[in-house]
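K.L.:
Line order of the protein sequences matches chains A, B, C and D. Once you know that position 116 of the first sequence is 116 in the working numbering, the rest is easy, because the numbers rise by one and skip nothing. Once you know that position 130 of the second sequence is 130 in the working numbering, the rest is easy, because the numbers rise by one and skip nothing. Once you know that position 242 of the third sequence is 242 in the working numbering, the rest is easy, because the numbers rise by one and skip nothing. Once you know that position 33 of the fourth sequence is 33 in the working numbering, the rest is easy, because the numbers rise by one and skip nothing.
Note that these hints are calculated values from the structure, not bench results. Do not take every clue at face value.
[To be verified] Partial chain C-side listing against chain B, Cβ under 8 Å, derived:
id : residue
1  : Met-1
2  : Asp-47
3  : Arg-124
4  : Leu-228
5  : Ala-229
[What the hints assert, rightly or not] List of simulated lysine to aspartate or glutamate pairs, DMTMM-like, C-alpha gap at most 25 Å:
id : chain 1 : residue 1 : chain 2 : residue 2
6  : D       : Lys-7     : C       : Glu-76
7  : C       : Lys-129   : C       : Asp-175
8  : B       : Lys-234   : A       : Glu-203
9  : A       : Lys-85    : D       : Asp-240
10 : A       : Lys-288   : B       : Glu-203
11 : A       : Lys-4     : A       : Glu-203
12 : B       : Lys-250   : A       : Asp-36
13 : A       : Lys-237   : A       : Asp-173
14 : B       : Lys-85    : B       : Asp-108
[To be verified] Label-pair restraints from in silico Cβ distances:
id : chain 1 : residue 1 : chain 2 : residue 2 : range
15 : D       : Asn-195   : A       : His-290   : 50 to 58 Å
16 : A       : Gln-274   : D       : Pro-100   : 34 to 42 Å
17 : C       : Ala-82    : B       : Arg-160   : 58 to 66 Å
Idealized CB from N, CA, C, for every residue including glycine.
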Amino acid sequence: MHPKLDINLAGIRMKNPVMVASGTFGYGPEYSGLVDLNKLGAIVVKGISLQPWGGNRTPRLVEVPGGLINAIGLQNPGVEGFCEKYMPFLRKHDLAVIVNIWGKTVEDYAEVAARFSDVEGVHALEVNISCPNLKAGGSAFGTNLEATARVVSAVRARTRLPIIPKLAPNVSDIGAFARICVENGADALSLINSFPAMAINVETRRPVLANVTGGLSGPGIHPIAVKLVYEAAKAVKVPLIAIGGITSAKEALEFIIAGATAVAVGTANFTEPQTALRVVDGIADYLKRHALPSVDALIGSVRL
Amino acid sequence: MHPKLDINLAGIRMKNPVMVASGTFGYGPEYSGLVDLNKLGAIVVKGISLQPWGGNRTPRLVEVPGGLINAIGLQNPGVEGFCEKYMPFLRKHDLAVIVNIWGKTVEDYAEVAARFSDVEGVHALEVNISCPNLKAGGSAFGTNLEATARVVSAVRARTRLPIIPKLAPNVSDIGAFARICVENGADALSLINSFPAMAINVETRRPVLANVTGGLSGPGIHPIAVKLVYEAAKAVKVPLIAIGGITSAKEALEFIIAGATAVAVGTANFTEPQTALRVVDGIADYLKRHALPSVDALIGSVRL
Amino acid sequence: MHIENGKVLQHIPIGAGYKVLTLELPVIAAAARPGQFIHLRIASLPDAVLRRPFSIYRVEGGTLSILYKAVGRGTEAMQPLASGEILSVLGPLGNGFPLPLPAGRTPVLVAGGYGVAPLYYLARKLQTKGVLFVGGAKAADVLLEDEFRALGWDVEIATEDGSRGVKGLVTVPLDAWIKTGRTESALECFACGPNGLMKALGHRAVEGGFKAWLSLDRHMGCGVGACLACVQKVRIDGEDTLVRVCKEGPVFEARDVIWED
Amino acid sequence: MHIENGKVLQHIPIGAGYKVLTLELPVIAAAARPGQFIHLRIASLPDAVLRRPFSIYRVEGGTLSILYKAVGRGTEAMQPLASGEILSVLGPLGNGFPLPLPAGRTPVLVAGGYGVAPLYYLARKLQTKGVLFVGGAKAADVLLEDEFRALGWDVEIATEDGSRGVKGLVTVPLDAWIKTGRTESALECFACGPNGLMKALGHRAVEGGFKAWLSLDRHMGCGVGACLACVQKVRIDGEDTLVRVCKEGPVFEARDVIWED
Ligand SMILES: Cc1cc2nc3c(=O)[nH]c(=O)nc-3n(C[C@H](O)[C@H](O)[C@H](O)COP(=O)(O)OP(=O)(O)OC[C@H]3O[C@@H](n4cnc5c(N)ncnc54)[C@H](O)[C@@H]3O)c2cc1C
Ligand SMILES: Cc1cc2nc3c(=O)[nH]c(=O)nc-3n(C[C@H](O)[C@H](O)[C@H](O)COP(=O)(O)OP(=O)(O)OC[C@H]3O[C@@H](n4cnc5c(N)ncnc54)[C@H](O)[C@@H]3O)c2cc1C
Ligand SMILES: Cc1cc2nc3c(=O)[nH]c(=O)nc-3n(C[C@H](O)[C@H](O)[C@H](O)COP(=O)(O)O)c2cc1C
Ligand SMILES: Cc1cc2nc3c(=O)[nH]c(=O)nc-3n(C[C@H](O)[C@H](O)[C@H](O)COP(=O)(O)O)c2cc1C
Ligand code: FES
Ligand code: FES
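Please build the complete structure, drawing on both the sequences and the hints.
P.N.:
Here it is, written out as structure tokens:
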């Protein structure tokens, strides 16, 4: 018997629940020589803003035990540049295209969302309210309930596409943020973004990253992410996309059992570009071994 | 030239800035066959409550990449039991004794603090408002500004000992928590406690820990802790005790450069019981190499 | 209790997936007693924050051996260990089996899996010879039979598939043996193995009225009594208390242990 | 771009702390060009989430070699690599040096540290012989001199302590050499080394009006253009833009590079 891997995520049909996370897989072409995009459930592209944006100075990345800290600063070609340069390529492939969007003001977010509404081939918008690398906007929104509500409702008002707010991990009550997003029209939720973090070169006594602080990602944050997904699943009914420290099917399965409908592989793409494909295979094997008919049967099946 | 390692932490004189963290070094005797307590700056004993407390069921601990998750549940012999069984031993040693205290109600905290006020050989109280393993109390206090204020002021009112609230990491604005603690009489601050986290056995689909969730500690959380210490140091003037993922002098030095006056070694005691001693030596070597006269000269010396 | 860097002297497979690892540990070996364990830092798993506990199987001169099987990350990472490599070892830890054996008692050893290891060390220290009850899934899983016989001990075997000795769990031949006219007061039982076996044996001891010492296996953090990860509920003079398997244990008297699940 | 598991064939020290690691990589080797690099996963550092980039030094048949030095965690962990071990390799990555060399041009290579590696690979591919300027702290740090001479190239040496060749940085003999009656338009420079050297050379090229190709060294994440960790500001037809050293680079024309610090 062949288990059903396909899922329905807020109306988006995906052939499997495995996606690649925003900022770790570029816009599609970068890894396409190594990874058959048609085998992925979805790609979440690097964060896009209204106008092109240059991001932070280098160094932008540093490896630490259990992961890495990044402060890319959301460099991107802007809505127009992205649509011209990358959408034709993405349209040629059979996978869901989720565009990660951000802005410095509520209006920015809403405007970007509006621009993407009628772009052919865009399946959903992931609303990044949790980037640790923006002075204005970013996690300033995602750690404030009222600001979160404003961004989500403003985006909701300007697009018919499914919207997926991406939650910040550095909050005390993830359930409250999940609920306020849903109350304001979120169709699904992504969690989590990277953790605000910092590394100091003790010899020079300077921060390693030009931006001083950055976002921690990788295997080390996975157990925290599982807890947050578990809490969010108790708080809301909408589908959850779980992100954080996935390196194999094992971590992905923990997320699904904790309550996620889909998962996204981030940092591990740098380590092993084919990680997402291995996760797909590993989930299929697991369902067979446990005689489960589908991914759906596993979602939130944790036994207390 | 021999650099000065001794520090003055809220009036507590310590021969060096290296302590062992609460819950990872017992009450003193456990590791004393391997570690000369007289070489440590201070010991923070396992959390003590008014009455003896049994803690959680087993399994209470699980190793994960980059650290471990614990859900001990604050098992302890209570104030009386602790004073009888362990204070005579601790008094015989030349190091600062900091008692980590907790309660289920504000009154509990205040009462425990009062009981310790006149106990000879106790140098300070670390107020644990951030234990991820308590349904009532614990991080329920530490993630709520108003509750934090109530606990700290209540404890302040009942003791003349220096009080050191221990902050939770799962907050959006650590500076606000640092400030409210100081406004309510804190003499110093400890940060951070372990992160709420969860591990699931995918084969059984059950949580690995009997308590379902626990607290993540170890090397993986260090870069997050550095960021939080850096933020707290900008927010308040009182001395900070930095905790999280120290395995060598390097991580300790990052903390001090970020703004900490002292550091505490936790999980690494399990890996290498003599870690704290090596950190002391490593800090001394570093000060020599950089021709720095004292630890004080290094505190908060990060160059932006 | 000591921390000592041990040089690997030997690392040999003994069948059924088990290996014997022998380390040069003069200081720890000199202090060791049967039933105690060591806490091993696995150098080839640098990111692991926890050591791994292993019972002491043999002590000869300045060397100490453990008998182990690959069951996960750590023990897998131990597989390639070769002579000359250095491992950080904490030990000896815990209290061993109570010695000496009271006069006139016949020692009865009951082992499952790696449990034969500490019991073999015990058998070598006991003046009186006795009988070992050892079980396994199939014939090949029965460990150290020849070693025990070489010490002059009787060995009673049970295998789940009946391919060797009695068919079933090791408790089957044990029950039979006890029934055949033993005076319970004349025997003293020492056991180490899976929790299921320890529990079954514990109940028999209490009901059958014979003395039994059980070596329990609990997940551990520090191994020295500091973290409270390894607690076990016991009843001591009528009072329930939590004791630390790494410190007050791993050996407990059957009648004191309170089985919660 | 490919992912290939490469078997270690050779791993030999060549002095000054450098080693040459040779891997069996038929697919990547067949596609490689001078100036490109590989992204290596260090198996003995399983917890490292990032690969490590290394320039391609030699390609022969189905084998590929890199020349490297231990400077941190990853390169330290590479030290014990032995024949037969398998490493996951991503490559060939980036754009190489522009070939062929326009007719009538003399190739001038300028190397610092590991920079000799990609330049040696380039020299082997160039039809025209030229001159290599190579520097080091002391005589022992001057790498591959014999290899270049064996190709029939001139080698000009500078050492900071003057123990070999001219005393000072490699730019000293270079300046002298250029001044002695060269027509700048007749030479084309290819360089790889520390950022300080690349910057110094870049300015000389712009002022001196000769063509120079610089291979830049930036910390990398993905190595394939996806993460934007490795960006460099360049001016292309009057417009400032950020390019990815791993993808549009690592080789850039000196006059395009904007040096921010
Ligand atoms: C007092 C004592 C004596 C022991 N003696 C032996 C022995 O002589 N030979 C032998 O083969 N095994 C023995 N064990 C079991 C041995 O400790 C485990 O097999 C080993 O820790 C597994 O580690 P791992 O990383 O391979 O497994 P993993 O499952 O990857 O380990 C993950 C975590 O769980 C812990 N863990 C997993 N299984 C066990 C277990 N059965 N008991 C305790 N902790 C566990 C590990 O220590 C580690 O912290 C003993 C255990 C205890 C408590
Ligand atoms: C295109 C390119 C080609 C290179 N070719 C060679 C070569 O042929 N021979 C050689 O010896 N070295 C070369 N390097 C440098 C080499 O990548 C670093 O020495 C190596 O990454 C250091 O890793 P580590 O873990 O030992 O150092 P650590 O400092 O422990 O590494 C920590 C992090 O910083 C990065 N890092 C540290 N130093 C450098 C550096 N100089 N450049 C880029 N990243 C760095 C590491 O990749 C890692 O991500 C090249 C670098 C680049 C970008
Ligand atoms: C280099 C890098 C760039 C990232 N860029 C973005 C981004 O543009 N937008 C966003 O929402 N998340 C971004 N992220 C966060 C990831 O999408 C993901 O949430 C995080 O890395 C945790 O997953 P991981 O542990 O699997 O990497 C970025 C992460 C990394 C490492
Ligand atoms: C097993 C264990 C028990 C702990 N018990 C306590 C406690 O009783 N009180 C407390 O404030 N913190 C407790 N902690 C948290 C540590 O003191 C420390 O804040 C945390 O582990 C982070 O430091 P580390 O990464 O160095 O371990 C405990 C941690 C561990 C691992
Ligand atoms: S393992 Fe830490 S108390 Fe037993
Ligand atoms: S290293 Fe990722 S874009 Fe260059």
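K.L.:
For each hint, tell me whether it holds in the structure or not.
P.N.:
Okay, the hints, checked on the actual structure:
Residue-level restraint check for C:Met-1 holds (minimum Cβ-Cβ distance to chain B is 4 Å; threshold 8 Å). Hint status for C:Asp-47 relative to chain B: holds, with the closest Cβ pair at about 6 Å, below 8 Å. With 8 Å as the threshold, the beta carbon of C:Arg-124 stays out of range of chain B, its nearest partner Cβ sitting at about 27 Å, so the hint is violated. At a threshold of 8 Å, the smallest CB-CB gap from C:Leu-228 to chain B is about 5 Å, leaving the interface hint in force.
This hint holds: C:Ala-229 has a C-beta 4 Å from the nearest C-beta of chain B, less than the 8 Å allowed. Of the pairs offered as hints, the one joining D:Lys-7 and C:Glu-76 holds, with about 23 Å between alpha carbons and a cut-off of 25 Å not exceeded. For the hint linking C:Lys-129 to C:Asp-175, the alpha-carbon distance of about 20 Å falls within 25 Å, and the restraint holds. Proximity of B:Lys-234 to A:Glu-203 is assessed by CA-CA distance (about 22 Å); at most 25 Å being required, the pair is judged to hold.
Restraint check for A:Lys-85 and D:Asp-240: the C-alpha separation of about 19 Å stays at or below 25 Å, so the hint holds. Our distance criterion of 25 Å between C-alpha atoms is met by A:Lys-288 and B:Glu-203, whose separation comes to about 13 Å. Taking the CA atoms of A:Lys-4 and A:Glu-203, the gap is near 54 Å; set against the 25 Å cutoff, the hint is violated. Our distance criterion of 25 Å between C-alpha atoms is broken by B:Lys-250 and A:Asp-36, whose separation comes to about 42 Å.
Between A:Lys-237 and A:Asp-173, the direct Cα distance comes to roughly 17 Å. Compliance with the 25 Å bound is thereby established for this hinted pair. In summary, the hint linking B:Lys-85 to B:Asp-108 is supported, as the alpha carbons are separated by about 21 Å, within the 25 Å threshold. Look at D:Asn-195 against A:His-290: about 54 Å separates their beta carbons, and that is inside 50 to 58 Å. Between A:Gln-274 and D:Pro-100 the beta carbons are some 36 Å apart, a value that agrees with the proposed interval 34 to 42 Å.
For the pair C:Ala-82 and B:Arg-160, the supplied restraint of 58 to 66 Å holds, since their beta-carbon distance comes to about 60 Å.
In this structure, the hints that do not hold are numbers 3, 11, 12, in rising order.
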